[in-house]
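Participant: Okay, here's what each chain looks like letter by letter:
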Amino acid sequence: MTLDSNTAPSTDHSEVLSIQHATHQFGSLVAVDDVSITARRGEFLTLLGESGSGKTTLLRLIAGLERPTRIGGISIEGRDVTLVPASRRNCTTVFQHYALFPHMSVGQNIEYGLRVRGVSISERRERAMEALNLVRLPDKYDRRVHQLSGGERQRISLARALVTRPAILLLDEPLGALDEKLRVEMQVELLDLHQKLGITFIYVTHSQEEALTMSDRIILMRRGKIVQEGPPTDLFDRPGNRFVADFMGVENLLAGTLEAVTGERASVRVGDYRMSGIWSGGEAPAAGTQVCLAVRAERVRLGKAGGGGPEDGVNRLPCKSGITIYKGKYIDRTLDTDVGPLTARIWDRDADLAEFASVWWRADDCAVTRMAGEGG
Amino acid sequence: MTMENTSQARFRLPFWRRLMDWAPTGTGIIFGYSVLFILYFPIVMLMLLSFSGDPLTGIPGDWTITWYEDVIFADIAQRDGEAYGSNFRVGDPLLLSIMLACITAVACVIAVLIVGPILPRIKWRGPFLVGFLMPLMIPGIIGGVGLFMWYRLVIDVKMGIWSLVLAHFVWAFPFALLAMLVVASRFDIRLMEAAKDLGAKPWQRFWQIEMPLLKPGIYAAGFFGFLLSFNELPFSIFMRAGQDTLPLYLWIQSGAHNTTVPLIYAMSTIITVGSIGLTFLAIKLAFGGGQKNDVRQ
Amino acid sequence: MNSAVYTSHKPSGLRDFLPRLPAGVWSLSGFSLLWFGGIVLPLLAIIVVSFLQGRGLNIDFDPTFLQYEKFFSYGGGDMLARSVRIAGTVTLIELLLAFPFALWLAKGCKNNTVRLLTFTALTVPFFLSPAARVIVWRSVFGINGAVNQILLGTGIVDEPVLWLIFSEFAVHFGFIGAFFPTMVWPIFLSVSLIDNDYLEASGDLGASRLRTLLHIILPLALPGIVAGFVFTFIPMLGDAVVASHMGGNNVLMLAAQVQSLIGVSNFLVAAALAAVVLAIMLAFQVLLWFALKPVGGLAGVFASLRR
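Residue numbers (this note's numbering), protein chains in the order written: chain L, 1 to 376; chain A, 1 to 297; chain P, 1 to 307.
Chain L on its own, in the form it takes in the complex (with noise of 0.2 Å):
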């Protein structure tokens, strides 16, 4: 089932909205600095930051709700919107704490976007219970909204947002105020809503782990300005300069000096010990720049004594155990070295060895990257 109104989902590609330089200050406070983003039809994507990198604004300039205090242009679906106020444009928004009106009940509030757009009663009701049955609460029509629980009160408001049939739909951190196994409930649902609708969706959040799961395409935004976008592969096992891999929870990240490129291939000298791994940085800079190693805790194994370099396809490093953390589904052990302290993850428990003098991860396993980028 559907509630596009135009063409059938996912396989047109064209382009659902194209924002060109939009720059939004506050006072003095640059929220936004010259953005340019676009999204096509049906595209799952994600505005990823932390507060204050200009995502949320960046959703309110889309949705209407702001008026740039610069901008290029936005278009939806190829129209021309930068003077259309929201109210006439085709976007909704789910926000972040819902914004039920608290006194019309269920029904109403789904049928509020039908209602000011003049659809007759009967066929408000029809498509109000539709959207009802797409968020699986079909008997709430006629509570009131305070009766209804925080999940719930999500699900409304996305109800509220999908009947009117928008070309976009915006979601503004929908899942933050729930608790973790509802939110990981709730990613399920949306995902799934996406499938069926073909609608584009532009989210918002903080979380790296959620704009993985359902992401299409992930923006990572810092300061207002774009710092990397891309697959969620890319920007995970890709990151762009250090600030990316350490927002994606790239847990160690040494310092070291780039000696070459060849290829995807790059040679970093970190402290002592010559390493490699495969460089994402963009454009290589020059040697002796300073750039970031990165490499995942769960990349990173323990070993015996013994060298074993670049050449190997290794990097390998001595050590000595720090703290051991207990985390049920897999241990966190902290090792030091010379170039610092390392975190391995181990997952599987016959691999944690318990005499080791030396940890190691193949060089393909780990990323090697700018110190900086734009935004950093």
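There may be inaccurate statements among the hints.
[Said to hold, decoys possible] Only some residues are given here: those of chain A computed to face chain L with a beta carbon under 7 Å:
#1 Glu193
#2 Ala194
#3 Lys196
#4 Gly199
#5 Gln204
#6 Leu213
[Stated by the list, open to error] Straight line, CA to CA, 27 Å or less: simulated DSS-like cross-link-like pairs of lysine-lysine:
#7 P:Lys293 to A:Lys123
#8 L:Lys196 to L:Lys181
#9 P:Lys107 to P:Lys293
#10 L:Lys329 to L:Lys304
#11 A:Lys215 to L:Lys140
#12 A:Lys284 to P:Lys107
#13 P:Lys110 to A:Lys284
#14 L:Lys181 to L:Lys329
#15 A:Lys215 to A:Lys123
#16 A:Lys215 to A:Lys284
#17 L:Lys140 to L:Lys181
#18 L:Lys140 to L:Lys196
The hints are simulated quantities; they were obtained by calculation from the structure and are not laboratory data. Every residue, glycine too, gets a C-beta built ideally from N, C-alpha and C.
Please build the complex by placing chains A and P on the supplied structure of chain L, with the hints as guidance.
Facilitator: Relative to the frame of chain L, chains A and P by itself:
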């Protein structure tokens, strides 16, 4: 070793300790309710005396409704051109007061809808607020003098009904505004954004979202406006012309002959009871919505 | 995407968006203009008028202290002193009575019904006629009134007590009841805004209840106390109804005199009188403004209601 020897001793502080603990609270309670007694005593007495045979003694008793009859009949009689024992005519002032109170109520509601929702959101709320609440700080007599002098002496405009309306509005507006602000400051502006996002035009947003949620404030403003205008005395003393309002009339009468005192009691009781009743109604309408209309989520 | 859409907009330095003020701001401005021009201004104009001279309705726009001279030769100085003294005394008494009560109401009273009833009792008097609230005392305190009859009847006195009415005692007494709510409400509000956690922490750290009161409650409740003082003192100073009913001609209070001066069309001296009162009031308003600064001013009080 068994546990049999431990008995459950009741934990009781010595009497004087308990008294000391209770003293601060007790003082507060005693002070407060004593003064409240002083405050309400005359009101209650008023009602009792209005039904008493000899109110001038200040002792209730000898129950009768003769004073009430007098109030009503005196007016009717004089309307018909007949003479009556006293020339206490309450009808015209009563009507004037009601009319003024209605006008003031409407004016307060409109004014409060203009000022209330916007005030918490703008930058210079402080100075505006002080300006709007100024009449609270300048009591009736002084304010009345000021307005009177300005309009009569400086601008040279004669007093009239308009001046009474102005005076009542000036007096009632700060209270109405305060009541509305209590409601308006809890209003979540994101609801308006959501409505806009869903496609509602500005007037739709105002009528369908803002107004219903501000309803308690509107009721409060209306009732406050009515009640405060109806019972207003100090401003009216200066801003009147020709016709008297009811409080004004009673005030003048009470300075005059003693024979009308019981009638004044009776009339005053009527308006007091009416005012108390309306106040309860106002509070119920304004703040009785409960969780259903709770604006915060 | 057609680049035609973008060429008309330069990427930087563009302001398509004129400051479009919402309709609400326009009507607010209009109303404010009317309010400040038609009401605030006249009130402040009293001061100006008091420096004029003339007779009856004829004004001579020539600044002079004449009115003030007349005022003081009139015995105005005494009246001023008396009014301030009485109002000040009663306000202080009110403060001492209201503070423990407000404190209890805010922090000590657990019973919701009692609280609600008390709130109502503290609110209703605002909506009653001021005269209706005090006229009964004349009968009760009069020579043949209830009090005297009881005193005579039980033999406590041989003759009726005269000083119960139309005396300073009566004025004090009348003021106390009438202005109690205005003292209680601000103190109550500011005490209830004090987080209970602070009080618990204070006790936990070893402070006795008295010390908690002195070091924690009083400082935090100070804005409310000052507000209560101002909201009580000023109306009391400007009151003519209670003063004239209870004091009669024996106790001449400022505001009542203003009224009678206007009655004999002696407007300018009345203006001088009024200006003096107004000046005192404005001084206190400034005091209040300073006292409210720590909590962010009046606007801050409403902001804290959002919590």
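Participant: Each hint: holds or not?
Facilitator: So, going through the hints one by one against the coordinates:
no.: 1; hint: Glu193; result: holds, 6 Å
no.: 2; hint: Ala194; result: holds, 4 Å
no.: 3; hint: Lys196; result: holds, 5 Å
no.: 4; hint: Gly199; result: holds, 5 Å
no.: 5; hint: Gln204; result: holds, 5 Å
no.: 6; hint: Leu213; result: holds, 6 Å
no.: 7; hint: P:Lys293 to A:Lys123; result: holds, 16 Å
no.: 8; hint: L:Lys196 to L:Lys181; result: holds, 23 Å
no.: 9; hint: P:Lys107 to P:Lys293; result: holds, 24 Å
no.: 10; hint: L:Lys329 to L:Lys304; result: holds, 24 Å
no.: 11; hint: A:Lys215 to L:Lys140; result: holds, 26 Å
no.: 12; hint: A:Lys284 to P:Lys107; result: holds, 25 Å
no.: 13; hint: P:Lys110 to A:Lys284; result: holds, 22 Å
no.: 14; hint: L:Lys181 to L:Lys329; result: holds, 17 Å
no.: 15; hint: A:Lys215 to A:Lys123; result: holds, 25 Å
no.: 16; hint: A:Lys215 to A:Lys284; result: holds, 12 Å
no.: 17; hint: L:Lys140 to L:Lys181; result: holds, 22 Å
no.: 18; hint: L:Lys140 to L:Lys196; result: holds, 22 Å
Hint compliance for this structure: no hint is broken.
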